[in-house]
Amino acid sequence: MPVPALLPVASDAPLFLHLAGSLAFVAAAGRGIGWALDAWVRRAPETASPAEPEHPADAPPQSGARIR
Numbered sequence: 001m002p003v004p005a006l007l008p009v010a011s012d013a014p015l016f017l018h019l020a021g022s023l024a025f026v027a028a029a030g031r032g033i034g035w036a037l038d039a040w041v042r043r044a045p046e047t048a049s050p051a052e053p054e055h056p057a058d059a060p061p062q063s064g065a066r067i068r
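When the sequence shown is numbered by our numbering, its final residue is 68 and no position is left out of the sequence of numbers.
Calculated directly from the structure, the hints in this document are not laboratory data. We put the CB at the ideal spot given by N, CA and C, even for glycine. Any given hint could turn out to be false.
[What the hints assert, rightly or not] Across the chosen pairs, the derived CB separations fall in these ranges: (1) Leu17 <-> Leu37: 45 to 55 Å; (2) Ala10 <-> Ala44: 48 to 58 Å; (3) Asp12 <-> Ile33: 25 to 35 Å; (4) Glu46 <-> Ser11: 56 to 66 Å; (5) Arg43 <-> Ser11: 29 to 39 Å.
Take these sequences, add in the hints, and give me the full structure.
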């Protein structure tokens, strides 16, 4: 004789709600980090990169370039 179930069958709804909430939180955090990085980059001073020489005459020849 089978024993009747004392508890109803558990649903996966709480799991999916938790996953949806976690994904929404991660999306909001990522958006906030993106805004912060964008603001940080916009506030950076305009400087030449160290790899670029200030004067082209001081620059070493590029790979494959002819020296005249």
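These are the hints, each one checked on the structure:
no., hint, verdict
1, Leu17 <-> Leu37: 45 to 55 Å, "violated, 31 Å"
2, Ala10 <-> Ala44: 48 to 58 Å, "holds, 53 Å"
3, Asp12 <-> Ile33: 25 to 35 Å, "holds, 31 Å"
4, Glu46 <-> Ser11: 56 to 66 Å, "holds, 57 Å"
5, Arg43 <-> Ser11: 29 to 39 Å, "violated, 49 Å"
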